[in-house]
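Engineer: Guided by the hints, dock chain B with the ligands onto chain A, whose structure is given.
First to last, the protein sequences are chains A and B. So the first sequence is residues 7 to 275, counted in the working numbering. So the second sequence is residues 1138 to 1518, counted in the working numbering.
Hints in this document: simulated from the structure, not taken from any laboratory. All figures in this text were calculated on a predicted structure; none of them were measured in a lab. Positions of the beta carbon are idealized from the N, C-alpha and C atoms, including for glycine. Do not rely on the hints blindly, as some may be mistaken.
Claimed, not checked - If you only want the chain A side, here are some residues facing chain B, beta carbon under 8 Å, derived:
id : residue
1  : Leu-33
2  : Val-35
3  : Thr-153
4  : Leu-157
5  : Asp-162
6  : Ser-167
7  : Cys-169
8  : Lys-173
9  : Cys-179
10 : Ala-183
11 : Ala-221
12 : Ala-222
13 : Thr-250
14 : Ala-265
15 : Gly-266
To be verified - Residues from chain B shown here face chain A by an in silico Cβ test under 7 Å; the list is partial:
id : residue
16 : Met-1416
17 : Gly-1434
18 : His-1436
19 : Trp-1440
20 : Val-1507
21 : Ala-1509
22 : Ala-1511
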Amino acid sequence: MTTLAVWKFASCDGCQLSLLDCEDELLAVAGRVEIAHFLEATRAVEPGPYDVSLVEGSITTPEDAERIRHVREMSRVLVTLGACATAGGVQALRNFADIDEFRSVVYARPDYVSTLATSTPIAAHVDVDYELHGCPIDRRQLLDLITSLLLGRRPDLPGHSVCFECKRRGSVCVVVAHGTPCLGPVTRAGCGAICPAYQRGCFGCFGPAETPNAAAQAGLLRATGMAEDDVVRAYRTYNAADPTFIELSRVMAGPAPGAGPGGTGQEET
Amino acid sequence: MTATTDVSANQPVLIDVSALALLFETLREQGYTVVGPTVRDGAVVTAVLDSADQLPYGVGVETEAGRYRLRDRADRAAFAHSAGPQSWKNVLLPARTRRWSADRSPDGTMVVSGPDEPRRYALLGVRACDLAAIGVLDRVLAGGRHTDPVYAGRRDGNLIIAVECTEPGATCFCASMGTGPQCGAGFDLAMTELVDDDGHRFLVRAGTPAGAGILAALPGRPAGPASVGQARDAVAAAAARMGRTMPAVNLPGLLAANRQSPHWDDVASRCLTCGNCTMVCPTCFCTSTEDVTDLTGDHAERWQRWASCFDLDFSYLHGGSVRTSGQARYRQWISHKLGTWHDQFGMSGCVGCGRCIAWCPAGIDLTQEVDALAAAAAVTS
Ligand code: SF4
Ligand code: SF4
Ligand code: SF4
Ligand code: SF4
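With the rest of the complex left out, here is chain A (with noise of 0.2 Å):
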């Protein structure tokens, strides 16, 4: 039988709930595969080596960046799950600090915390088969992704904008008609477009999209009435070490919506 690891790094745990959460379908899982070390659901581990690891959190110890290398070498397939483990989480906030300055107002006693510097995603360290983007995951995406690798399939892993997913759910541009922001055009699809179902724009949980225009995003947002640091703030949320992203919130203005051909939106200087 297939057996399946799953592993955390620095996270919070709630892509590995998202496996628990596929209540339904667990048993079936548990059917199909032998769970071979998932501490979250059971303390029984077995060793090594395992045909499927799933991997959550990012890389923000010195031991977690040789553990990592442990769990590749332990693994035939490895899936990184979530935005901390193929973007670097909310805790990549740190890259774009004094790690001692936060060491030293978050902890009573900063001597104790060995980190590093940066928080970075699993790929940085090692190879990586397969991503599941958001924060967190879709449990459908999982379950297909799964799926696909017992079976053998192709799984069904879009790139394109959220967009997509938006229309195809029937639901009503917020931007369009609110003008409220969004970063869908920007972010890679595969959490149904759940925000804009709600009239909220899109955080950008998925990271970004295969092909993202960075300042016609710009446009975009600040049309919307956002200001310098929101848009920075925007991409610096729960990928904040995309570089995608990271490149994307150094873009400050393009053409706003509707500027019409030859409508570059940057200031005449």
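Structural biologist: Just chain B with the ligands now, with coordinates in the frame of chain A:
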């Protein structure tokens, strides 16, 4: 109480707004599921309606490139709004639908079932541009050698109740595409809404025996020349109030001759490649499939879902995607709509509804892009 009318002579009939309730009842009795306009989340959307009360009475809309807002009207008109984010494509070619499912039994045999049995739909509030769009989809999905079973099944037995536009939007340009605002053919019933001191009423004409049958069940009175003239004038006035015009140039020729135009860089700098334009377009018919299995592999389903030429995956061939740049993808979309569609299907892929203009979060307007492309071509030639 007005007597039910003999419409065998195909005379236009006037019905009062109160007759819409009976229209719904009649449609339901005849086994139709009514789909029509209603307000949800700040827009007029199309949805399955249970009663005429759900129609958007007194709701107007303001559209611009990348912008759409509802507004209160001074009157109680139910169809005085231009295109919302959805079209009849959402009913006839749903965004996500099952093509087939298969079950493997323990003895190894396979049981396969087709798409779910569709309902019989009555489409209420179909505009002239929408009629043209359904005509395009008929040609593409049911008029060739390869019929789309989902579309054909849902299209079969439709009843189409058109409502002519008297309130075009700022993003509308059906008049310049030759598709509206007056409804020529392709409907079972066509109505024109009239609201004034003489009351809230509809001028109705039947286009088919099925439509005539429905109309005969409604309390109506023969329309006099005054009402007929009033309706005609209202629609003619709408034609003169279109917010946009498609430039009167040879579109297929322009697009074919300018594949290397510097203008594609310009539009790509504004385009998010988000795919919204193709999703809202009532004629964009592209779909892809997604296979779903349970963990055992004994149950499998194939789902069909809307695809878009703005997706990298769309042009993925062995080894990579063909159209990777935003330039190439925007050019594909507009070239197909206005150019190569003619070669493929002998018609335009654009009916001038303006949805792609209003519902583009970047407010990109294809009529302006055509203008700019033509201007750039004039400079370089
Ligand atoms: S609400 Fe956001 S995700 Fe949905 S279509 Fe509009 S921009 Fe895209
Ligand atoms: S033209 Fe507009 S709606 Fe279409 S992909 Fe570009 S930004 Fe999106
Ligand atoms: S291309 Fe735009 S205006 Fe033309 S039919 Fe499609 S959505 Fe309507
Ligand atoms: S414009 Fe694009 S999505 Fe629309 S029909 Fe053509 S190829 Fe398909």
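Engineer: None of the hints should be skipped; say for each whether it holds.
Structural biologist: Now for the hints, and whether the structure bears them out:
Evaluation of the Leu-33 of chain A hint against chain B yields a violated restraint, the C-beta minimum of about 10 Å exceeding 8 Å. For Val-35 of chain A, the suggested interface contact is upheld, since its CB lies about 6 Å from the closest CB of chain B, less than 8 Å. Residue-level restraint check for Thr-153 of chain A holds (minimum Cβ-Cβ distance to chain B is 5 Å; threshold 8 Å). Hint status for Leu-157 of chain A: holds, given a least beta-carbon distance of 5 Å to chain B, under 8 Å.
Interface hint status for Asp-162 of chain A: upheld, as the beta-carbon distance to the closest one in chain B is roughly 5 Å, under 8 Å. Because the beta carbon of Ser-167 of chain A sits about 5 Å from the nearest beta carbon in chain B, less than 8 Å, this interface hint is met. Taking 8 Å as the C-beta cut-off, the interface hint given for Cys-169 of chain A holds, the closest approach to chain B being about 4 Å. Below 8 Å, beta-carbon pairs count as interface contacts, and Lys-173 of chain A has one with chain B at about 4 Å; its hint therefore holds.
Checking Cys-179 of chain A against chain B by beta carbon gives a least distance of about 6 Å; that is within 8 Å, so the hint holds. Interface restraint check: Ala-183 of chain A against chain B, minimum CB-CB distance 5 Å, threshold 8 Å, status holds. This hint holds: Ala-221 of chain A has a C-beta 7 Å from the nearest C-beta of chain B, less than the 8 Å allowed. With its C-beta approaching chain B no nearer than about 5 Å, Ala-222 of chain A sits inside the 8 Å limit, and its interface hint holds.
Against a cut-off of 8 Å between C-beta atoms, the interface hint on Thr-250 of chain A is violated, since the closest Cβ of chain B lies about 14 Å away. Nearest Cβ of chain B to the Cβ of Ala-265 of chain A: about 6 Å, under the 8 Å cut. The hint holds. The criterion of a C-beta within 8 Å of any C-beta in chain B is met by Gly-266 of chain A, whose closest approach is roughly 5 Å, and the hint holds. The beta carbon of Met-1416 of chain B is positioned within 7 Å of a beta carbon in chain A (closest approach about 4 Å), and the interface hint is therefore held.
Annotation: interface hint on Gly-1434 of chain B holds; nearest CB of chain A at approximately 5 Å, less than 7 Å. With 7 Å as the threshold, the beta carbon of His-1436 of chain B stays out of range of chain A, its nearest partner Cβ sitting at about 11 Å, so the hint is violated. Checking Trp-1440 of chain B against chain A by beta carbon gives a least distance of about 9 Å; that is not within 7 Å, so the hint is violated. Interface hint at Val-1507 of chain B: violated, since its Cβ lies 10 Å from the closest Cβ of chain A, which is beyond the 7 Å cut-off.
Taking 7 Å as the C-beta cut-off, the interface hint given for Ala-1509 of chain B holds, the closest approach to chain A being about 4 Å. Interface restraint check: Ala-1511 of chain B against chain A, minimum CB-CB distance 11 Å, threshold 7 Å, status violated.
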